[in-house]
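*Asks:* Letter by letter, the chains look like this.
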Amino acid sequence: AQSVTQLGSHVSVSEGALVLLRCNYSSSVPPYLFWYVQYPNQGLQLLLKYTSAATLVKGINGFEAEFKKSETSFHLTKPSAHMSDAAEYFCAVSDPSTGNQFYFGTGTSLTVIP
Amino acid sequence: EPEVTQTPSHQVTQMGQEVILRCVPISNHLYFYWYRQILGQKVEFLVSFYNNEISEKSEIFDDQFSVERPDGSNFTLKIRSTKLEDSAMYFCASSEDGGGSDTQYFGPGTRLTVL
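As you go down the protein sequences, you meet chains X and G in turn. So for the first sequence, this note's numbering puts the first residue at -7; every next one is plus one. So for the second sequence, this note's numbering puts the first residue at 2; every next one is plus one.
Hint data in this document are derived by calculation from the structure and do not stem from the laboratory. Any given hint could be a false lead.
Only part of the chain X face toward chain G is listed, based on derived beta-carbon distances under 10 Å [stated by the list, open to error]:
1. Asn33
2. Gln37
3. Ser44
4. Leu48
5. Ser86
6. Gly91
7. Gly97
Within a straight-line C-alpha distance of at most 25 Å, the following computed BS3-like cross-link-like pairs (lysine-lysine) qualify [what the hints assert, rightly or not]:
8. Lys41(X) - Lys79(G)
9. Lys79(G) - Lys58(G)
10. Lys84(G) - Lys41(X)
11. Lys79(G) - Lys43(G)
12. Lys61(X) - Lys43(G)
13. Lys60(X) - Lys43(G)
14. Lys84(G) - Lys58(G)
15. Lys60(X) - Lys50(X)
Just so you have them, the derived chain X footprint on chain G, three or more residues with Cβ under 8 Å [claimed, not checked]:
16. 75 to 89
17. 99 to 112
Since the structure is predicted, the reported quantities are computational estimates derived from the model, not experimental observations. C-beta atoms are modelled at their ideal positions from N, C-alpha and C, and glycine is treated no differently.
Model the full structure from these sequences, guided by the hints.
*Replies:* Structure representation (structure tokens):
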């Protein structure tokens, strides 16, 4: 079965500092991986996704993530945090062999300190 | 930009009552989903729906749950007899096709509180 672990339910960074949100997955086959962001009172918005093409994936708002099969990781990074990045971030995985449901992590709340 | 909408944003109900959560998926999408998130826990898959049929469901989606597409635009989740443990945020999502790599677009959620 698929599972996703997001280390750190709360992460705080200073404005302008590196953002690193961690995601590790378990999967018996190479999965598809997604990062979503949720701003208050809004739906989950796709940041980026990995679908077995390039291992370094660039998304919206300056975010990127690297798929590392050897580490079963898909960490999300942004070189310089902005106040508007404060939100809840969710990592999700789907297994191409078992259907279309997504398996989510518990989410990481990002706080940006001015 | 098209988006998934959900109503109501917050629903409070008494234990044992029936509730219907409503969603309007993106108009050209063919696959529809419900997920839920109990406070402090993971977002969990409930059910996927395609061509007026359930295509997948989790073990959470038992006989007290049902889904329906009553017309060309709405997609609903009904809970027949709510329990305290049904209190959660319920998210609707839709996708163009049902492939595992296809992006699922999520609504803002309905917070269900069962008293």
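*Asks:* Among the hints numbered above, which are violated by the structure, and what are their numbers in rising order?
*Replies:* Going through the list in order, the structure violates hints 4, 8, 10, 16 and respects the others.
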